[in-house]
Amino acid sequence: MTNVIQESDNEAKPLPVLSRKSHLMSFFSDLIRNKTGFTGFIIVCLLILIGIFGFLITPYNPMQTYMTQKLLPPLTGGHLLGTDQLGRDVLSRVIVGTRVSLTIGVVTVIIAGAIGTVIGVLAGFFRGWLDIILMRIVDVQLSFPFVLLVLVVNAILGSGLKNIILSLIIAGWVVFARVVRSEVLAIREKEFISACVATGVSKWGIMVKHILPNLFTPIIILASLQVANFIIAEAAVSFLGFGVQPPQPAWGNMLNEGKDYIFNAWWLITIPGIAIVITALGINLFGDWLRDELDHDL
Amino acid sequence: MENEKVLEVIHLKKYYTVNNGWFSKGQQVKAVDDVSFSLYKGETLGLVGESGCGKSTTGRTILQLSKPTDGKVIFEGTDINQLNDRTMRQLRRKMQMIFQDPYASLDPHKTIQQILTEPLNVHGLYNKKERLEKVREMLKIIGLTDAYLTRYPNELSGGQRQRIAIARAVILQPTFIVADEPVSALDVSVQAQVINLLMYLQKEFQLTYLFISHDLNVVRHITDRIIVMYLGRVVEVTTTEELFNHPKHPYTCALLSAIPIKNPDEKKERIILSGEVPSPVNPPKGCPFHERCPKAMDICSKTVPHQISVSDGHWVTCHLYSNENHTTETKLSF
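Residue numbers (this note's numbering), protein chains in the order written: chain A, 184 to 481; chain B, 183 to 516.
Calculated from the structure, these hints are not laboratory results. Heads up, a few of these hints could be off.
[Unchecked claim] Part of the chain A face toward chain B, derived, beta carbon under 7 angstroms:
{"#": "1", "residue": "E374"}
{"#": "2", "residue": "F375"}
{"#": "3", "residue": "S377"}
{"#": "4", "residue": "V380"}
{"#": "5", "residue": "T382"}
{"#": "6", "residue": "G383"}
{"#": "7", "residue": "P396"}
{"#": "8", "residue": "N397"}
{"#": "9", "residue": "P401"}
[As the list claims (entries may be wrong)] When the alpha-carbon atoms are kept at most 25 angstroms apart in a straight line, the in silico SDA-like pairs for lysine to any residue are as follows:
{"#": "10", "chain 1": "A", "residue 1": "K373", "chain 2": "B", "residue 2": "S233"}
{"#": "11", "chain 1": "B", "residue 1": "K223", "chain 2": "B", "residue 2": "D480"}
{"#": "12", "chain 1": "A", "residue 1": "K392", "chain 2": "B", "residue 2": "G306"}
{"#": "13", "chain 1": "A", "residue 1": "K386", "chain 2": "B", "residue 2": "K310"}
{"#": "14", "chain 1": "B", "residue 1": "K292", "chain 2": "A", "residue 2": "E374"}
{"#": "15", "chain 1": "A", "residue 1": "K386", "chain 2": "B", "residue 2": "K223"}
{"#": "16", "chain 1": "B", "residue 1": "K316", "chain 2": "A", "residue 2": "G388"}
{"#": "17", "chain 1": "B", "residue 1": "K249", "chain 2": "A", "residue 2": "D213"}
{"#": "18", "chain 1": "A", "residue 1": "K386", "chain 2": "B", "residue 2": "S248"}
{"#": "19", "chain 1": "B", "residue 1": "K292", "chain 2": "A", "residue 2": "D213"}
{"#": "20", "chain 1": "A", "residue 1": "K392", "chain 2": "B", "residue 2": "M270"}
[What the hints assert, rightly or not] Have a look at the derived ranges for each label pair, beta carbon to beta carbon:
{"#": "21", "chain 1": "B", "residue 1": "E319", "chain 2": "A", "residue 2": "E476", "range": "32 to 40 angstroms"}
{"#": "22", "chain 1": "B", "residue 1": "G259", "chain 2": "A", "residue 2": "L214", "range": "57 to 65 angstroms"}
{"#": "23", "chain 1": "B", "residue 1": "R318", "chain 2": "A", "residue 2": "I215", "range": "31 to 39 angstroms"}
{"#": "24", "chain 1": "B", "residue 1": "D267", "chain 2": "A", "residue 2": "G424", "range": "50 to 58 angstroms"}
{"#": "25", "chain 1": "A", "residue 1": "R310", "chain 2": "B", "residue 2": "E258", "range": "27 to 35 angstroms"}
{"#": "26", "chain 1": "A", "residue 1": "R310", "chain 2": "B", "residue 2": "S439", "range": "43 to 51 angstroms"}
The structure presented is a predicted model; accordingly, all values stated were derived computationally and were not measured. Beta carbons are placed, not taken as given, at the ideal position from N, Cα and C, and that holds for glycine.
Based on the sequences and whatever the hints tell you, model everything.
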């Protein structure tokens, strides 16, 4: 036995010290090297730019009606993406609608995600009666179809941008709570949590400093999916006549108005539909990459 | 070894309730059943036994990582089962743990610096600058350079991770460390390195170890005394010398005969136990070992044996020795 014991420290090779700045640099160089992640990143950046500065580049006034030029197909009469039943420029309306849709998607995900995370962490960490009560509330909510719930809440609150965001949050936090809770249940059994207890870290310390950072990956994935989901839900609600009210353009109510002309003006629903798809795709691609990049488990 | 007691474990019990269904009555698993021992300052006490015998549970229960069902754990004169959350957390500074799997025991989202600074932060030791100094010092002791400060655990090898885990435990300068199979997840070459580090740190910081392991060679190398456990019970307690030279309990004899020998020409009598380890849900009546014991007698299946002193500091829980010597059925005074 004794002859086996000898110092062998060949593992410890000198490593370059990484500063904070070079961490950020390597983050971006990784991003550029990854094609899908970079595509997603570009799409998300473009959407944000369009959302903020879009109104400056609209070729026409999105609210202005020209009854003489109604239902022009794309690439005719100086309208790149055609006009709608009231002669409004579709391109301009899609651009302006970006802000509404993005605001709805991003704001709801941030707030619903925060609420769901807090509730999920509390339920998963403390278990017991708190867990039972919170999760039964979640169960009740999950037993209703999502869009129906949004509709009901929205019908009570009334239409408008603020209220559609509020009703999406009320209907949407449960998904975060459920996913976060199950993740917390898995994380709290891990050995490094026992190690924290053994070190003497308090319960709140464990929750905030060890469980929350380890939830980052699943939350990012879920959030990137939910942004797209919420945009689509808003579209569905607006499509049914609630939500964002005309003449204010949003992708959802553009779909709603276009549905009546589906057989003779295909572009009216196709174009906002494509906008939704591209947004969802971009966010998902970027979210996927972000998850891989931030995951230190691998 | 005759110096002060650091830790005294008295009749420690940890039972788990197993539920088979909604309407069935829960069955009890006696993971740790009436374990008592003392730990003296500066010694390394080995806790050995096959997997599932309750070694790790004993270690975790002593540190209150799981609440004991019954019994007392007295650390430096205070019964730590009675402490409230806050005082217990403060006391943890003096009693630390090294876990088996270094791949699971380090938070993957924390850098090495964060991992090593955390214990100091939690217990409010030193100021910010001194903490970093302390962490660097510790890294040097475990043989890693400052460059590792900004690394994440996934960038380190198993041996390096375990050394970090050891550093995290030792940085608070505790008096007592539970090492739960600290080398069993590592390569043999790295095992030696980690064992040497543990022995060096013990000398340097006057640590007391409870060293849990199933590897008898490692245990022989590092420990001063050994407790052998079987099915949640203590079977034999004595010094390492005595245990390897004069094992008394039939289970210990069988365990020792299973150690591989270096010389292939050397013949060694191997005691092969029949049957499986009984389920702790339904342990045999009497001595838990009697069903597999080559020397079982009638009494073994009827009454539970008590701990018997066969020589100074050597205790055996076996009926074989109950007539020899003068039986002293004191369970606490060893």
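Here's how the hints hold up against the structure:
Using the Cβ-Cβ criterion of 7 angstroms, the hint placing E374/A at the interface with chain B is satisfied: the shortest such distance is roughly 4 angstroms. Contact between F375/A and chain B, as hinted, is supported at the beta carbon level, the nearest pair being about 5 angstroms apart and thus within 7 angstroms. Satisfaction of the interface hint for S377/A is found here, the shortest Cβ-Cβ separation to chain B being roughly 5 angstroms, below the 7 angstroms cut-off. For V380/A, the interface hint holds, the least distance from its beta-carbon to any beta-carbon of chain B being 6 angstroms, beneath 7 angstroms.
Interface hint at T382/A: satisfied, since its Cβ lies 5 angstroms from the closest Cβ of chain B, which is below the 7 angstroms cut-off. The criterion of a C-beta within 7 angstroms of any C-beta in chain B is met by G383/A, whose closest approach is roughly 4 angstroms, and the hint holds. Hint status for P396/A: holds, given a least beta-carbon distance of 4 angstroms to chain B, under 7 angstroms. The criterion of a C-beta within 7 angstroms of any C-beta in chain B is met by N397/A, whose closest approach is roughly 6 angstroms, and the hint holds.
Hint status for P401/A relative to chain B: violated, with the closest Cβ pair at about 13 angstroms, above 7 angstroms. For the suggested pair K373/A and S233/B, the alpha carbons sit about 20 angstroms apart, so the restraint of at most 25 angstroms is met. Under the criterion of a C-alpha separation no larger than 25 angstroms, the hint pairing K223/B with D480/B is inconsistent with the structure, at around 41 angstroms. Taking the CA atoms of K392/A and G306/B, the gap is near 16 angstroms; set against the 25 angstroms cutoff, the hint holds.
In summary, the hint linking K386/A to K310/B is supported, as the alpha carbons are separated by about 23 angstroms, within the 25 angstroms threshold. Taken as a hint, the K292/B and E374/A pair is honoured in the structure, with Cα atoms around 14 angstroms apart against an allowance of 25 angstroms. Taking the CA atoms of K386/A and K223/B, the gap is about 31 angstroms. The hint is violated against a cut of 25 angstroms. The straight-line distance between the Cα atoms of K316/B and G388/A is roughly 22 angstroms, inside the 25 angstroms bound, and the hint therefore holds.
Distance restraint check for K249/B and D213/A: the Cα-Cα separation of roughly 47 angstroms exceeds the 25 angstroms cut-off, and the hinted pair is therefore not satisfied. For the hint linking K386/A to S248/B, the alpha-carbon distance of about 15 angstroms falls within 25 angstroms, and the restraint holds. Between K292/B and D213/A the alpha-carbon distance is near 21 angstroms, which keeps this suggested pair within the 25 angstroms criterion. Restraint check: the Cα-Cα separation between K392/A and M270/B comes to about 20 angstroms, which is no more than 25 angstroms; the hinted pair holds.
Look at E319/B against E476/A: about 33 angstroms separates their beta carbons, and that is inside 32 to 40 angstroms. Distance hint check: the CB atoms of G259/B and L214/A are about 58 angstroms apart, consistent with the given range 57 to 65 angstroms. Evaluation of the 31 to 39 angstroms hint for R318/B and I215/A yields a pass: the beta carbon distance comes to about 35 angstroms. About 55 angstroms separates the C-beta atoms of D267/B and G424/A, a value consistent with the hinted range of 50 to 58 angstroms.
The given range of 27 to 35 angstroms is respected by R310/A and E258/B, whose C-beta atoms sit roughly 33 angstroms from each other. At roughly 46 angstroms, the beta-carbon separation of R310/A and S439/B lies within the given 43 to 51 angstroms, and the hint holds.
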